[in-house]
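Asker: Listed below, chain by chain, are the residues.
2 protein chains.
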Amino acid sequence: MTKNDTPVPVCSPVPGFRAASAASGMRYRDRPDLGLIVADRPCGSAGVFTRNTCAAAPVVWSRQVTDARAILVNAGQANAQTGERGRADCAASAEAAGKLAGVPAGRVLLASTGIIGQRMNMPAMLAALPALAGSLSEDGLDGFSRAILTTDTRPKAFRTETDLGARGRFTLWGCVKGAGMIAPDMATLLAFVLTDVPAESGYLKSVLGKAAELSFNRITVDGDTSTNDTLLALSSSAGGGAPLASSASPGADRFEEALFRLMESLARSVVEDAEGATKTVTVAVRGAETPGQALAAARTVACSPLVKTAFFGEDANWGRILCALGRSGAAFDPYRVDLYLDGVHWVKDGVDNGREEDAQKVMKLASYTLTADLNRGSHDAAVLTCDLSHEYVTINGSYRS
Amino acid sequence: MTKNDTPVPVCSPVPGFRAASAASGMRYRDRPDLGLIVADRPCGSAGVFTRNTCAAAPVVWSRQVTDARAILVNAGQANAQTGERGRADCAASAEAAGKLAGVPAGRVLLASTGIIGQRMNMPAMLAALPALAGSLSEDGLDGFSRAILTTDTRPKAFRTETDLGARGRFTLWGCVKGAGMIAPDMATLLAFVLTDVPAESGYLKSVLGKAAELSFNRITVDGDTSTNDTLLALSSSAGGGAPLASSASPGADRFEEALFRLMESLARSVVEDAEGATKTVTVAVRGAETPGQALAAARTVACSPLVKTAFFGEDANWGRILCALGRSGAAFDPYRVDLYLDGVHWVKDGVDNGREEDAQKVMKLASYTLTADLNRGSHDAAVLTCDLSHEYVTINGSYRS
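Chains as they are written, first to last, in this note's numbering: chain A, 1 to 401; chain B, 1001 to 1401.
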């Protein structure tokens, strides 16, 4: 893969898709809060959804959509725990947006983010839809990526062009929204991926799930999982050629690699923009007895409030990391563990290695890797996390107000 | 049980025990950090210890002590991840303290709290021990309860006198230290219980474990579990009579009830003094399908950073509670759930019940109960938690410094 293939945070058209955004006033004032994407030459569609028992109405709606051709998103109201009326509001939204975009309601995917338990401001949404649909354009993705935000401080979108060999070059684009409530098990509120690589829905669903497992499900902000977590992907046939149907299809390997890298960039951007976060830390566990133990150990360290406040305080307090490893359920000998901060061998065989000054320097960086080698087996896992700051408490102590 | 039996935060002698405290300068300056308790007429002893894989040297030491007659505690240095030298320091401490107190080293229980990974300042401890042992007195428990503190803002000790029927009145006393790192699975750093009810060690161990399960293991501050968590109990034969040997022994039922209430008071005092906490909230789950699901649901809500920051912000944002219940693994219908804040029926059948103003009033209290009725089965559980405040981040971002 050449340097040009690296996902970069820019927005430009994806052949076969038009997008638009609008400030509907559903909840926010004078701020874009409604986004629409329409596929002109649809091919495949796939979704990955929250496993929360209290899944929101738009999640329930989108789960049963097949052969999707459009995505309608609103920010500010989650349409979760809204009962029968929330489900009716979904049907009405899809119906109205679909009609304006020339798409059957049953092919309109929905996603919402915001306050749980409030009914959608349907009059405001319905009033805004005609202008929204009327402004659909190939240049609308940038606005779309802004209209889905809540406590995010910036839009998070990436676009990459990939050479699929004999198939030629194709485009992959994705954007994401998510700042708090980010946890394993579908670790973002809302993410959208578009491509002009024609791909069948079944294949798209399988690779999307695999890529989510290694990207969004490997980040954590506060260990919470939302009622609305949704990842949607649409592929267009604009790029031409026979649709990818399986990993054995020509070019599928490069497509999958590019998709994974795009989603990794999206996931990382969520942690970098996490509520109040000042640092991004990769927690890598090596040498675990099983893959499950490697992941459990990495997640326990990455989620520990004591570890996360130590990251914030730039306090080279490795005892808190050993302590978190020790309650993770992973099997290890406390006196065989090595800890590294980037290249600094911080703890050797479970005891201080006399490198505190160097460790402290690494902890002052905006981004670094903490590696715990359990020296027990051969399994590794990594989880991306952030620090726990005053600002997180401020934001979440007053989010609704 | 009469009102006089309610555990109250006072310190006064427990027949059969002497205690002392000293400022050793092991880590802190001019602050009591060393405590000693000696049983003059020992009877039974029992302990409950952390399950953390990285259990500290004093935990390893105390696990193998039988027929204990003394407890030596230090605050400021955890003696965890200190390897062979840490174990040798334990042996030397027990030897020195035992010699001065007239107790074999093998009968001296040890407990430490503080920074993980630092070797104990043995010269300072050994220099302080003679004066410490020399000042043992029946009035020393108050000082002991202060010498075990780290980031605690106040000593936490309770004493109760209980009428055991034909046996007459007996004393139960306990003190606790713990402010952060409080979680299920042995939810306190250090707790000590003394009684002049003669009780055999086996019996004491069994009732201590049961009482810990329903008290210390039902509180949470930040979900972390320490390397040093230790709960120790000593009984003296000073009260006279045949030792309690089982729950069938005359008076055992009242003793167990009093012990449970004492430990409940100690556990509550830990949450009330939690790092930076401004509120104490009981999270009660009712109507779960199984006892395990009831506890998992209560713990998930009680540990959620989003719920805890909403408690801090006094924000009646019930969606975060439903959201946490929804990822707890407990089975329920989101539209059958009821939520109550004290007596206010906040959420009915999963949707807002129009009581936000009343709910807000409850959330302004320093202590209240959040009840989630899943309306699914017949099992209940409750967990005591606190809010997540700016102060928590401040304390833990700079604990070592």
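Rather than coming from a laboratory, the hints here were simulated on the basis of the structure. Heads up, a few of these hints could be off.
[Stated by the list, open to error] Beta-carbon label-pair distances, calculated as ranges:
#, chain 1, residue 1, chain 2, residue 2, range
1, B, G1240, A, A331, 57 to 65 Å
2, B, Y1335, A, A242, 56 to 64 Å
3, B, R1031, A, Q360, 49 to 57 Å
4, A, R336, B, T1153, 45 to 53 Å
[What the hints assert, rightly or not] Calculated Cβ distances over 10 Å to all of chain B for the following chain A residues:
#, residue
5, N52
6, G168
7, S226
8, A296
9, A330
10, A331
11, D352
For each residue, glycine too, the CB sits at the ideal point set by N, CA and C.
Asker: For every hint, state whether the structure bears it out.
Answerer: Verification of the hints:
Separation of G1240 of chain B from A331 of chain A is about 48 Å and departs from the stated range, judged on CB atoms against 57 to 65 Å. Take Y1335 of chain B and A242 of chain A: their Cβ atoms lie about 46 Å apart, and the range 56 to 64 Å is violated. The given range of 49 to 57 Å is broken by R1031 of chain B and Q360 of chain A, whose C-beta atoms sit roughly 26 Å from each other. Distance hint check: the CB atoms of R336 of chain A and T1153 of chain B are about 38 Å apart, inconsistent with the given range 45 to 53 Å.
Annotated as non-interface, N52 of chain A brings its C-beta within 10 Å of a C-beta of chain B; the closest such distance is 4 Å. Listed as outside the interface, G168 of chain A is consistent with that label: its C-beta sits roughly 43 Å from the nearest C-beta of chain B, beyond the 10 Å cut-off. The Cβ of S226 of chain A sits about 6 Å from the closest Cβ of chain B, inside the 10 Å cut-off, so the non-interface label is violated. Listed as a non-interface residue, A296 of chain A keeps its Cβ farther than 10 Å from every Cβ of chain B; the least gap is roughly 12 Å.
The claim that A330 of chain A is not at the interface with chain B is violated, since a C-beta of that chain comes within 10 Å of its own (minimum 8 Å). A cut-off of 10 Å between C-beta atoms contradicts the statement that A331 of chain A is not in contact with chain B; the least separation is 8 Å. With a cut of 10 Å on Cβ distances, D352 of chain A falls inside the contact zone with chain B, its closest approach being about 5 Å.
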